[in-house]
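Chemist: Sequences are here, hints too, so could you generate the full structure?
So the sequence lines, in the order shown, correspond to chains W and V. Anchor point for the first sequence: position 197 equals 197 in this note's numbering, and the numbering is continuous, going up by one each time. Anchor point for the second sequence: position 52 equals 52 in this note's numbering, and the numbering is continuous, going up by one each time.
Just so you know, the hints here were simulated from the structure itself, not pulled from any lab data. Even for Gly, the Cβ is constructed at its ideal location relative to N, Cα and C. Worth double-checking, as some hints may not be accurate.
[What the hints assert, rightly or not] Stretch by stretch, here's where chain V covers chain W in the computed footprint (C-beta under 8 Å, at least three residues):
1) 14-22
2) 27-36
3) 132-141
4) 185-199
[Unchecked claim] From the derived model, a few chain W residues whose C-beta atoms are all more than 10 Å from chain V:
5) Leu43
6) Phe47
7) Ser116
8) Asn149
9) Ala151
10) Thr173
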Amino acid sequence: MSVSNITATEAKSVLTTTGGSTIRGRAAASNGSSVSGGSTHLLCGYFYLTSFGGIYANYRSFMNFDLSSLSGTVTAVSITLKRANSANFPDLYFLASEAGISADTSDYLDGIVGASSYPYTSDATLFKDDACVMNDGGSAGDTVTFNLNAAAITHANNVIGTGTPFQTVIVNTYDYNDTYDANESSFSNAFAHQGVEFESTNTDTQGAPILNVTVAAQGLGKLTLDGVKIQIVSGKFLID
Amino acid sequence: MSMTKKQFINEIFPNDDTKTLHDVVTWFVEQNSGSFTYDLAKNMLKSSPSGSLIEWDI
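Modeler: This is the structure:
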């Protein structure tokens, strides 16, 4: 058994600031408005501001990992993220993604495997069976590791050793479960993103997400010795 | 409902007659450390219920 730690090729957030007149309308949009750039973290919460009559944004964080240099049978996959703040909300979900190497605004919905309309709850493929609860007391610089499920392992086995990357997307619980409408009355009003943030490929390649891929030990397999001399000399097995 | 440009700017810079829509957008971008570009922030503000009621000259 061996474990390879693969740093994300790209990990960025796609956000949408248009669609409907509520934050749920933003989640239900088909396309994003922007891909986070500059020194932006992976933004895994929401933007909720009632000033100016209401300004809202929903974020989805896409990431991919190059497994082309690996081979063998994957038996486990986990992902390690480095916190960029101490926020303890919202709960997060890992889903299968097909966004490609470089996330684009058009991946906002289409980049989620199985999603063709909102809500996509019953269509998406979970890469972790339950929500990631973020009230772990962590702060900026701390790392958190989540063990992914059988669907993620299957995906890893499908792409290992190929040019197709391992892809996943983080969405928050209000987005995934379509519960923005039911919960927004409890949200704080703020001029900035609210919720947990992780280091991205924008911020620091040393802090970018890491996929930990466990590959089963490989046997030597069938060995053919043709035209060689085998000797046992003084208790040693020699091949000339 | 009507709103003046001054009332809009006052949401961020109350009682400061020197501030402009450009200052509001710039301030908005600064609060979000790269999450919003200038153009994205401007469009968010411009398409907000209040922003849609005023004339934008930037």
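Chemist: Name the hints, by number, that the structure is in violation of.
Modeler: 3, 5, 6
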